[in-house]
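Each chain is listed here by its residues.
Number of protein chains: 2
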Amino acid sequence: MATCELISVGTELLLGDILNTDAQFLSKELAKMGISVMHQCTVGDNRDRLLSLLKEAAERSDIIILSGGLGPTPDDLTKEVSCEFFGKEMKLHEPSLDKIKEYFAAKGSVMAEINAKQAMLPEDCVIFPNNNGTAPGLAMEKDGTHILLLPGPPRELKPMFLECAVPYLKQFSDKTIISHNVRTFGIGESAMSELVTDLLDSQNPTVAPYAKDGEALLRVTAMAETEEEAENLCKPMLDEIGKRLGDYIYGIDYNCIEEAVVELLKENNMKIVTAESCTAGMISKRITDIPGASSVFECGFVTYANSIKHKILGVSEADLKEYGAVSKPVAEQMAKGALKLSGADIAVAVTGIAGPDSDSTEKPVGLSYIALADKDRVWVKELRTNRRDRDYNRYVNASNALNMARMYINKTIQG
Amino acid sequence: MATCELISVGTELLLGDILNTDAQFLSKELAKMGISVMHQCTVGDNRDRLLSLLKEAAERSDIIILSGGLGPTPDDLTKEVSCEFFGKEMKLHEPSLDKIKEYFAAKGSVMAEINAKQAMLPEDCVIFPNNNGTAPGLAMEKDGTHILLLPGPPRELKPMFLECAVPYLKQFSDKTIISHNVRTFGIGESAMSELVTDLLDSQNPTVAPYAKDGEALLRVTAMAETEEEAENLCKPMLDEIGKRLGDYIYGIDYNCIEEAVVELLKENNMKIVTAESCTAGMISKRITDIPGASSVFECGFVTYANSIKHKILGVSEADLKEYGAVSKPVAEQMAKGALKLSGADIAVAVTGIAGPDSDSTEKPVGLSYIALADKDRVWVKELRTNRRDRDYNRYVNASNALNMARMYINKTIQG
Chain L
1 MATCELISVG
11 TELLLGDILN
21 TDAQFLSKEL
31 AKMGISVMHQ
41 CTVGDNRDRL
51 LSLLKEAAER
61 SDIIILSGGL
71 GPTPDDLTKE
81 VSCEFFGKEM
91 KLHEPSLDKI
101 KEYFAAKGSV
111 MAEINAKQAM
121 LPEDCVIFPN
131 NNGTAPGLAM
141 EKDGTHILLL
151 PGPPRELKPM
161 FLECAVPYLK
171 QFSDKTIISH
181 NVRTFGIGES
191 AMSELVTDLL
201 DSQNPTVAPY
211 AKDGEALLRV
221 TAMAETEEEA
231 ENLCKPMLDE
241 IGKRLGDYIY
251 GIDYNCIEEA
261 VVELLKENNM
271 KIVTAESCTA
281 GMISKRITDI
291 PGASSVFECG
301 FVTYANSIKH
311 KILGVSEADL
321 KEYGAVSKPV
331 AEQMAKGALK
341 LSGADIAVAV
351 TGIAGPDSDS
361 TEKPVGLSYI
371 ALADKDRVWV
381 KELRTNRRDR
391 DYNRYVNASN
401 ALNMARMYIN
411 KTIQG
Chain R
416 MATCELISVG
426 TELLLGDILN
436 TDAQFLSKEL
446 AKMGISVMHQ
456 CTVGDNRDRL
466 LSLLKEAAER
476 SDIIILSGGL
486 GPTPDDLTKE
496 VSCEFFGKEM
506 KLHEPSLDKI
516 KEYFAAKGSV
526 MAEINAKQAM
536 LPEDCVIFPN
546 NNGTAPGLAM
556 EKDGTHILLL
566 PGPPRELKPM
576 FLECAVPYLK
586 QFSDKTIISH
596 NVRTFGIGES
606 AMSELVTDLL
616 DSQNPTVAPY
626 AKDGEALLRV
636 TAMAETEEEA
646 ENLCKPMLDE
656 IGKRLGDYIY
666 GIDYNCIEEA
676 VVELLKENNM
686 KIVTAESCTA
696 GMISKRITDI
706 PGASSVFECG
716 FVTYANSIKH
726 KILGVSEADL
736 KEYGAVSKPV
746 AEQMAKGALK
756 LSGADIAVAV
766 TGIAGPDSDS
776 TEKPVGLSYI
786 ALADKDRVWV
796 KELRTNRRDR
806 DYNRYVNASN
816 ALNMARMYIN
826 KTIQG
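Residue numbers (our numbering), protein chains in the order written: chain L, 1 to 415; chain R, 416 to 830.
Extracted from the complex, chain L is given alone in its bound form:
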């Protein structure tokens, strides 16, 4: 089995200015291919240290994937040092230069002279074209050691890895690893784990619980010679988990609950409208993150101020005064008002105190009311996160609103 090592290049990583999401992405993708990542290293934009790391890496790994340091400025030297290490000369690669020029022309600007450096490439290499930036990537080999160079920005690295590096690396992959993520909502990681304790000991497939952003998931991973065999190992386990976790599961291999909700709305030919106070656009943003959401989502109202809740959505001024903006009656009326204005089939509404500070009342940070209305009735859920974390509270509020829509469509809504 081929061993691989990741080297992230960039002083900004050593200073902690940016988070190394590339290393996680690459490790996950390589694991899927059955290529073992044994080391991840980060080094600054420094010739000597990079060269010394390349020497160590070449001694212990078959494949070295470097990311970052392919930019146009003089401190970008990953390509130069890698070529020095392999004793390869660089020369101008005209098609790459043309592609860089086209990239700027398409944006209505002209290539700066310094970008020409990015088209200087070693001889005898496999070029990975960059469709999302200027720096091409590449792969080269010497004495059985393969080096791949990828640009650092995740928007450039990810597609290039999937489109170019994966086909290149297929030669090292003799096992297939398949993972499926069973995504749940409304149950904690511990409670979920207790429902499947015995399954967590399984060896192939393995079953592992994870928690993230107020959700829990189970990852089922099988390894086999072929994809089909791996899928056959996963299948009965996924069925068993389905029986145990039931309606907590919103989908397998969905990225997020909004994906499940958009899918359900489409299947049922339904439209949803949003009325948001503290989440202020996050629900509508998340719904429309899903391509094709326009068939299920037509409009949303961000009613942050009390006066606007009354003026636009028709929330009673007396109720706003008596119960406060963060209250059950206000959530109900926001949902009803949005439903009426839009002509959608269902409306979700959120009003809450996201924090970090409380509003002028004595209500606690993290309190929120989440409503769902159809033309006949309205359901409200009270949520208390007991956290002062604004981002977390807003995210979890939005997720709960989306989950209410899911449960409504599945006819399991309560409240």
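The hints are simulated quantities; they were obtained by calculation from the structure and are not laboratory data. Among these hints, one or two may not hold up.
Stated by the list, open to error - A few chain R residues that face chain L, going by a derived Cβ cut-off under 8 Å, partial list only:
(1) C456
(2) A623
(3) C714
(4) F716
As the list claims (entries may be wrong) - Chain R stretches covered by chain L per the calculated footprint, using a threshold of three residues with CB under 8 Å from any CB of chain L:
(5) 430–436
(6) 625–631
(7) 718–730
Since the structure is predicted, the reported quantities are computational estimates derived from the model, not experimental observations. By construction, the Cβ of each residue, glycine as well, lies at the ideal position given by its N, Cα and C atoms.
For chain L, the structure is supplied; the task is to place chain R on it using the hints.
For chain R alone, coordinates are given in the frame of chain L:
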């Protein structure tokens, strides 16, 4: 100056199952103390590979900080391998054992036998008590090399580092490093770099360009004996950059353009309203990401469907038909309609084709019109990203709308 190296231990990191936020946190904190992190490495829960990495690290660094692998299970072996490397014996540390027992008692449970392993500690070490979990951390020294062990979970590592490791590391900190980020909008990294080429050679402070999510920034970093001296080194450089980049700069040390916009609106006692088609709530979400946004933001309209653009914002049906939803007149009318409905001082509106697929017209993916209206007039900017990346297009559209608000307030708006 002391050099430091981070070793993250954990097979889950090599598999890409979790993101290494510890490395970023530690690097940032160490940089503040003037301790240089020259390498970050990640290795699995494997004795031989960890031992070999420790040998390499001890040769090139004064301080080695290991995180992870202090758990109670047999695969957690960071402490064991570190002691083996230093030739130190471990013995039961009663106060730590009591603390672990107390930790479980406080949660209403009883310590499992395996957790006793976490109270086995080397002799002659400085113990870092863990107030947020069971594994104590520690520091030990041999022949001038210092090893610090910290637990992996961020909610345990972060407070332990700040409370225990920072005081321990003070002995190595004789310099202070200060960084300032000059954030710009509307200029690319290359074009920006050309305006400051000569400054990029500066040694103290250093000046380095970065690009992220459609923005470019310059980082100015100075090192000195005291914070004040470091600030004095940065000051003239920041002034010079200010002169060169002028109104491209939206702020120094802001995290994002919405922070600058909310600040400017507050200073000028102004309110903003949003009318969003393709961004569908992202602008209002980003404005309200900033705590205290309620004084400048009261409402937003997410008008995804054409019928809603007409019904809610009063966009002309004839114009929608003749020019299409993604057009200058529609953007203008969306902004005007939202301004009128809200009573805000300015309105921003976005209509565009975010992709990945085009709409039913022949307009290209990535085309958008971004409008800003006040009570007297309206400005429109046409944007073409030439990318099919939905997330990128939406983010950059939202940023451009926010930037138009910034330029309006600064009286430099064009279009």
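Now the hints, each set against the structure:
1. Hint status for C456/R: holds, given a least beta-carbon distance of 5 Å to chain L, under 8 Å.
2. A least Cβ separation of about 7 Å between A623/R and chain L falls short of the 8 Å threshold, and the interface hint therefore holds.
3. Contact between C714/R and chain L, as hinted, is supported at the beta carbon level, the nearest pair being about 4 Å apart and thus within 8 Å.
4. Look at F716/R: its Cβ gets to within about 7 Å of chain L, closer than 8 Å, so that hint holds up.
5. Counting residues of the region 430–436 of chain R whose beta carbon lies closer than 8 Å to any beta carbon of chain L gives 7, which reaches the threshold of three, so the coverage claim holds.
6. For a cut-off of 8 Å, the count of residues in the region 625–631 of chain R with a CB near a CB of chain L stands at 3, and the three-residue condition holds.
7. Given as covered by chain L, the region 718–730 of chain R passes the check, having 6 residues with a CB less than 8 Å from a CB of that chain where 3 are the minimum.
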